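Protein chains: 2
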Amino acid sequence: MEDELDRIPTAAGVRRAAEKIAAILPPTPLLPATVGGATVWCKAECLQPIGVFKIRGAWHRLSDLPDSERARGVIGVSSGNHAQGVAWAAARLGMAATIVMPVDAPQVKMRRVRELGAEIVTYDRPGGEDRDAIATALAESTGRTLVHPYGDAWVIEGQGSAGVELAAQMVEQAGGPPTRIVTPCGGGGLAAGLALACPDAEIVTVEPEGWDDVAEGLAAGEIRSVRADAPPTACDALQTPRTFPINFSVLQGRAVGVAVSEAEVRHAMRFAFARLRLVLEPGGAAALAAALAGKVPTDGRTAIVLSGGNVDAALYAAVLAAEAAGAD
Amino acid sequence: MEDELDRIPTAAGVRRAAEKIAAILPPTPLLPATVGGATVWCKAECLQPIGVFKIRGAWHRLSDLPDSERARGVIGVSSGNHAQGVAWAAARLGMAATIVMPVDAPQVKMRRVRELGAEIVTYDRPGGEDRDAIATALAESTGRTLVHPYGDAWVIEGQGSAGVELAAQMVEQAGGPPTRIVTPCGGGGLAAGLALACPDAEIVTVEPEGWDDVAEGLAAGEIRSVRADAPPTACDALQTPRTFPINFSVLQGRAVGVAVSEAEVRHAMRFAFARLRLVLEPGGAAALAAALAGKVPTDGRTAIVLSGGNVDAALYAAVLAAEAAGAD
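From first to last, the protein sequence lines stand for chains A and B.
Residue numbering for the first sequence follows the numbering used here, beginning at 1 and increasing consecutively.
Residue numbering for the second sequence follows the numbering used here, beginning at 1001 and increasing consecutively.
Just chain A, with the same shape it has in the complex:
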């Protein structure tokens, strides 16, 4: 993986990724929503075929591999969404894929990865096992290429293609490019890609409370790690212990970070259900949650990334039922 860090993601790379992705996937829709009296523009990445933006970076990465690496196969490491992206891209390219996933990943994510033909190796996230070490060892022992979910120039550029689409759609629908992009943030791959795609937009990263290492790092000017006693969060996709220099170097000076509570995330999931008719997973609703909670301004032309919608039915039903019962 250290090799990949030598290649820096670029705006030109984002544009090339966007062209490659436009050739196989239609743009996800940009939907207006009224938040605090203002119109914000919601990029519905939950409508990707795998229900999440991760299809972008995985496709850009795997489709750029030379034939010799394709033949050996790929190793992914993921909380469940990048896993589906890698599995989807590998299946389309006829490659073998093995994914290192936390044992407590949502069932729906496990099921989908297997349906896409990939193998799963689990690790003990609650117990603190180091997934990157497991994945690196697996890649070395098998000769397969490791595709990291955010510490990878191709992955960052691929995720940035969402920003290229978004900017064009906002010119068409909102009268100009985005002045601010609010995005859920785990390791920072999507946020860094958006920052490269839209150099004139302010980037706001949104993390669950207690998992806001990127926000703290941006404020401190250096990478921070999530504390070992971080609270439980329903945002399984955003439980990333730390960002990487390849992401942080792009975001520093370009992004500010905010944190949202679990109740704010649930409220955003219900807002998306009732007002947008979109299913969002908790992590996918984080940016919308920040806007609804008034934690980010919505003046100018504000875009909100709805990053994913892979959520177990029982959890989703409980979130909706809580509202019906008057809970938060």
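Note that these hints are calculated values from the structure, not bench results.
A quick note: this is a predicted structure, and the numbers were derived from the prediction, not measured.
A couple of the hints might just be wrong.
Pairs of lysine to aspartate or glutamate, DMTMM-like flavour, derived with a Cα cap of 20 angstroms [unchecked claim]:
(1) 20/A <-> 1172/B
(2) 295/A <-> 209/A
(3) 295/A <-> 229/A
(4) 1020/B <-> 1064/B
(5) 1020/B <-> 67/A
(6) 20/A <-> 67/A
Distance windows between CB atoms, simulated [stated by the list, open to error]:
(7) 22/A <-> 1019/B: 25 to 33 angstroms
(8) 142/A <-> 1210/B: 54 to 62 angstroms
(9) 49/A <-> 1199/B: 42 to 50 angstroms
(10) 114/A <-> 1069/B: 53 to 61 angstroms
(11) 295/A <-> 1138/B: 41 to 49 angstroms
(12) 1300/B <-> 49/A: 17 to 25 angstroms
(13) 1091/B <-> 111/A: 38 to 46 angstroms
(14) 1117/B <-> 24/A: 41 to 49 angstroms
(15) 1019/B <-> 64/A: 50 to 58 angstroms
(16) 1091/B <-> 38/A: 16 to 24 angstroms
(17) 175/A <-> 1019/B: 16 to 24 angstroms
(18) 92/A <-> 1129/B: 54 to 62 angstroms
Ideal placement from N, C-alpha and C gives every residue a C-beta, glycine not left out.
Position chain B against the provided structure of chain A, taking the given hints into account.
Frame of chain A; chain B shown alone:
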């Protein structure tokens, strides 16, 4: 209302409606889904700003009214979705709107109509009150223009604009125009509009079991009414007692009808949740339900209309929770 029946909806009218609607609303996305091993193309009308295709016909109708009629205002009659279409279009045109709605309409639909600035007059649907008679009397006493949810040439043409969009998207995404369009069917306004928009496609209307008067009428060659003892259905948007000649004359010889069970509808709602990350109301899931149940072929280029997503959170949570509990 009899006057309106004198104007017959036309394919040229559908094209004009499509141009008017394209000027104010971006196309709803066309999303692929795998049903029984085949790819079908789902037209996500639940992503309209009001969560349902009804915005199309209402806009075409109200925006064509002369100033003198606009000044007097409009009366709608609706189970809740056309109500929102009329209220949305009236608000945009600065018109007063009153809607005749069943007392047992979903709360979310009542709330949205009021939010859009329209007044509501309720009628006793479970008790069998004739909504058309109430609406006609109200229109006569107030001098306002009555906009019927399906017995109206403009409304039919407006709904048909979904077919114009769909056909263009399928050429782009599916390699050619639709050979079959499967659509939920209440009074037949959407189905008739689609038939006019896509003259080379087979039209399949889908109704809840016991409410399949259009299917029976198409088989018999004459309009049929729903029996007085029709069973309860969660598809509130499809509880239409009979179609009108203006709809039936377009559909006869062009469409076939099928019926779906309540369990099949719930299954389709869960499929849309898990596979498309879209919120569908029961009536909006009827066409998808027919495809998933194997009640319509999916060969050729089959389009499925996902017509609406306005559903109370408690009902939706119960449908999802039933799956988690292993029920149908």
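Taking the hints in turn, this is what the structure says about them:
1. Between the alpha carbons of residue 20/A and residue 1172/B the distance comes to roughly 17 angstroms, so the proposed pair stays at or under 20 angstroms and holds.
2. Of the supplied pair hints, the one linking residue 295/A and residue 209/A holds, its CA atoms being roughly 13 angstroms apart against a limit of 20 angstroms.
3. For the hint pairing residue 295/A with residue 229/A, the CA-to-CA distance comes to about 24 angstroms; that exceeds 20 angstroms, so the pair is violated.
4. Distance restraint check for residue 1020/B and residue 1064/B: the Cα-Cα separation of roughly 10 angstroms lies within the 20 angstroms cut-off, and the hinted pair is therefore satisfied.
5. Simply put, residue 1020/B and residue 67/A have alpha-carbon atoms about 50 angstroms apart, too far for the 20 angstroms limit, and the pair is violated.
6. Proximity of residue 20/A to residue 67/A is assessed by CA-CA distance (about 18 angstroms); at most 20 angstroms being required, the pair is judged to hold.
7. One distance hint, 25 to 33 angstroms for the beta-carbon pair residue 22/A and residue 1019/B, holds here, with the actual separation near 26 angstroms.
8. About 58 angstroms separates the C-beta atoms of residue 142/A and residue 1210/B, a value consistent with the hinted range of 54 to 62 angstroms.
9. Checked against the hint of 42 to 50 angstroms, the pair residue 49/A and residue 1199/B fails, with Cβ atoms roughly 31 angstroms apart.
10. Under the hint 53 to 61 angstroms, the C-beta atoms of residue 114/A and residue 1069/B, about 60 angstroms apart, fit the expected range.
11. Restraint check, residue 295/A to residue 1138/B: a C-beta distance of roughly 46 angstroms satisfies the suggested window 41 to 49 angstroms.
12. Checked against the hint of 17 to 25 angstroms, the pair residue 1300/B and residue 49/A passes, with Cβ atoms roughly 21 angstroms apart.
13. Separation of residue 1091/B from residue 111/A is about 44 angstroms and conforms to the stated range, judged on CB atoms against 38 to 46 angstroms.
14. Our hint of 41 to 49 angstroms for residue 1117/B and residue 24/A holds, since their Cβ atoms are close to 43 angstroms apart.
15. For the pair residue 1019/B and residue 64/A, the supplied restraint of 50 to 58 angstroms is violated, since their beta-carbon distance comes to about 42 angstroms.
16. Between residue 1091/B and residue 38/A the CB atoms are about 18 angstroms apart, so this pair conforms to the stated range of 16 to 24 angstroms.
17. Between residue 175/A and residue 1019/B the Cβ separation comes to about 21 angstroms, which falls inside the hinted range of 16 to 24 angstroms.
18. Here the CB-CB span from residue 92/A to residue 1129/B is close to 56 angstroms, well matched to the stated 54 to 62 angstroms.
The structure fails hints 3, 5, 9, 15 (numbered hints given earlier, in ascending order).
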